[in-house]
Amino acid sequence: MAVRQIKNGKAAGPDNILAEALKSDIEATTNMLHLLFKKIWEEEQVPMDWKEGHLVKIPKKGGLSKCENYRRITLLSVPGKVFNRVLLNRMKDAADARLRDQEAGFRKDRSFTDQIATLRIIVEQSTEWNWSLYVNFIDYEKAFDNVDRRPLWERRRHYRVPEKIVDIIRNLCDGLQCEVVHGGQLTDAFQLGTGVKQGCLLSPFLFLLVVHDDRQARPPCRGISNG
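Heads up: the sequence shown runs through residues 1 to 227, numbered per the working numbering.
Hints listed in this document are in silico derivations from the structure and should not be mistaken for laboratory results. Incorrect hints may have been included.
Claimed, not checked - Cut-off 27 angstroms, straight-line C-alpha distance, at most; resulting in silico cross-link-like pairs (DSSO-like, lysine-lysine):
1) Lys23 to Lys92
2) Lys108 to Lys92
3) Lys10 to Lys23
4) Lys39 to Lys92
5) Lys23 to Lys39
6) Lys7 to Lys57
7) Lys92 to Lys38
8) Lys164 to Lys108
9) Lys61 to Lys38
10) Lys92 to Lys7
11) Lys92 to Lys164
12) Lys60 to Lys164
13) Lys164 to Lys57
14) Lys108 to Lys66
15) Lys108 to Lys60
16) Lys23 to Lys7
17) Lys7 to Lys108
18) Lys60 to Lys7
What the hints assert, rightly or not - Simulated DEER-style distance windows between Cβ atoms:
19) Thr187 to Asp109: 37 to 43 angstroms
20) Gly175 to Arg72: 16 to 22 angstroms
21) Ala97 to Tyr70: 35 to 41 angstroms
22) Lys61 to Lys39: 43 to 49 angstroms
23) Gln125 to Gly184: 56 to 62 angstroms
24) Lys57 to Pro162: 33 to 39 angstroms
25) Asp109 to Glu163: 36 to 42 angstroms
26) Arg110 to Arg71: 52 to 58 angstroms
Using N, Cα and C, we set each Cβ at its ideal position, and we do this for glycine too.
Kindly produce the complete structure, drawing on both the sequences and the hints.
In structure tokens:
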């Protein structure tokens, strides 16, 4: 059940509802959320406070007068997270079947250690056979913030995601805004015109689809062949 999949011990979002409060009476929570989710499904419109986030600054190393020396955590609505979990559970299996086996990011029962092992074997074989080898590493700086949302809507059929789910996710992304928690107060809200929400359960999966789409658009290149 999506409610039980939400982690405890997390801060509440703008609506001040904690995961523990939803889990205190699963039956009552399920009945209430079912009515809300049914309305969202029919109207394809989510509550406005699900589009809001409180951005908390966590200091890193360096001078704290510079924005880049802070790590950001965005606090989102917990009921909204439950709804996003429902959407994710509905679409991830169909979309996962369209992804390459080599793609391990944000996928269940997969790990980057497989990629490390594969790369190590390739390097060892290249050294043994005295072949030239070129390895390309890509650092996606501020990846979630810079995602172009258009490919997500345009490529939904390729990933076999129902149009209604895509329309609801699009509504979730339209009108996103954040307020920064500073000195115990909230700043004025600012709009997020690009990217996907930090801290949203859907964001890693949506980012994966965009990255996979980008790689599919590139021309194929030969790697090492044996035999």
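Verification of the supplied hints:
1. Distance check on the hinted pair: Lys23 and Lys92 sit about 24 angstroms apart at the alpha-carbon level, within 27 angstroms; holds.
2. Between Lys108 and Lys92 the alpha-carbon distance is near 10 angstroms, which keeps this suggested pair within the 27 angstroms criterion.
3. Annotation: proposed proximity of Lys10 to Lys23 holds, straight-line Cα distance about 13 angstroms (limit 27 angstroms).
4. Proposed proximity of Lys39 and Lys92 is supported: the alpha carbons are some 23 angstroms apart, at most 27 angstroms.
5. Pair hint Lys23 plus Lys39 holds up; C-alpha atoms about 22 angstroms apart against a cutoff of 27 angstroms.
6. The straight-line distance between the Cα atoms of Lys7 and Lys57 is roughly 21 angstroms, inside the 27 angstroms bound, and the hint therefore holds.
7. Taken as a hint, the Lys92 and Lys38 pair is honoured in the structure, with Cα atoms around 20 angstroms apart against an allowance of 27 angstroms.
8. Taking the CA atoms of Lys164 and Lys108, the gap is near 25 angstroms; set against the 27 angstroms cutoff, the hint holds.
9. The suggested pairing of Lys61 with Lys38 is violated, with an alpha-carbon distance near 46 angstroms, which exceeds 27 angstroms.
10. Proximity of Lys92 to Lys7 is assessed by CA-CA distance (about 19 angstroms); at most 27 angstroms being required, the pair is judged to hold.
11. Among the hinted pairs, Lys92 with Lys164 is consistent with the structure: their alpha-carbon atoms are about 15 angstroms apart, no more than 27 angstroms.
12. A hinted pair counts as satisfied when its Cα atoms are at most 27 angstroms apart, and Lys60 with Lys164 does not qualify at roughly 41 angstroms.
13. Proximity of Lys164 to Lys57 is assessed by CA-CA distance (about 35 angstroms); at most 27 angstroms being required, the pair is judged violated.
14. For the hint linking Lys108 to Lys66, the alpha-carbon distance of about 37 angstroms lies beyond 27 angstroms, and the restraint is violated.
15. Between the alpha carbons of Lys108 and Lys60 the distance comes to roughly 30 angstroms, so the proposed pair goes past 27 angstroms and is violated.
16. At most 27 angstroms may separate the alpha-carbon atoms for a hinted pair to count; Lys23 and Lys7 meet this at roughly 10 angstroms.
17. For the hint pairing Lys7 with Lys108, the CA-to-CA distance comes to about 17 angstroms; that is within 27 angstroms, so the pair holds.
18. Under the criterion of a C-alpha separation no larger than 27 angstroms, the hint pairing Lys60 with Lys7 is consistent with the structure, at around 25 angstroms.
19. Evaluation of the 37 to 43 angstroms hint for Thr187 and Asp109 yields a pass: the beta carbon distance comes to about 41 angstroms.
20. Taking the beta carbon of each, Gly175 and Arg72 are about 20 angstroms apart, inside 16 to 22 angstroms as hinted.
21. Ala97 and Tyr70 have their C-beta atoms about 39 angstroms apart, which keeps the hinted 35 to 41 angstroms range intact.
22. At roughly 47 angstroms, the beta carbons of Lys61 and Lys39 sit within the given window of 43 to 49 angstroms.
23. Checked against the given bound of 56 to 62 angstroms, the beta carbons of Gln125 and Gly184, roughly 58 angstroms apart, stay inside it.
24. At about 38 angstroms, the CB distance of Lys57 to Pro162 agrees with the hint of 33 to 39 angstroms.
25. The supplied range of 36 to 42 angstroms is broken by Asp109 and Glu163, whose beta-carbon atoms lie about 29 angstroms from each other.
26. For the pair Arg110 and Arg71, the supplied restraint of 52 to 58 angstroms is violated, since their beta-carbon distance comes to about 26 angstroms.
Hint compliance for this structure: hints 9, 12, 13, 14, 15, 25 and 26 are broken, all remaining hints hold.
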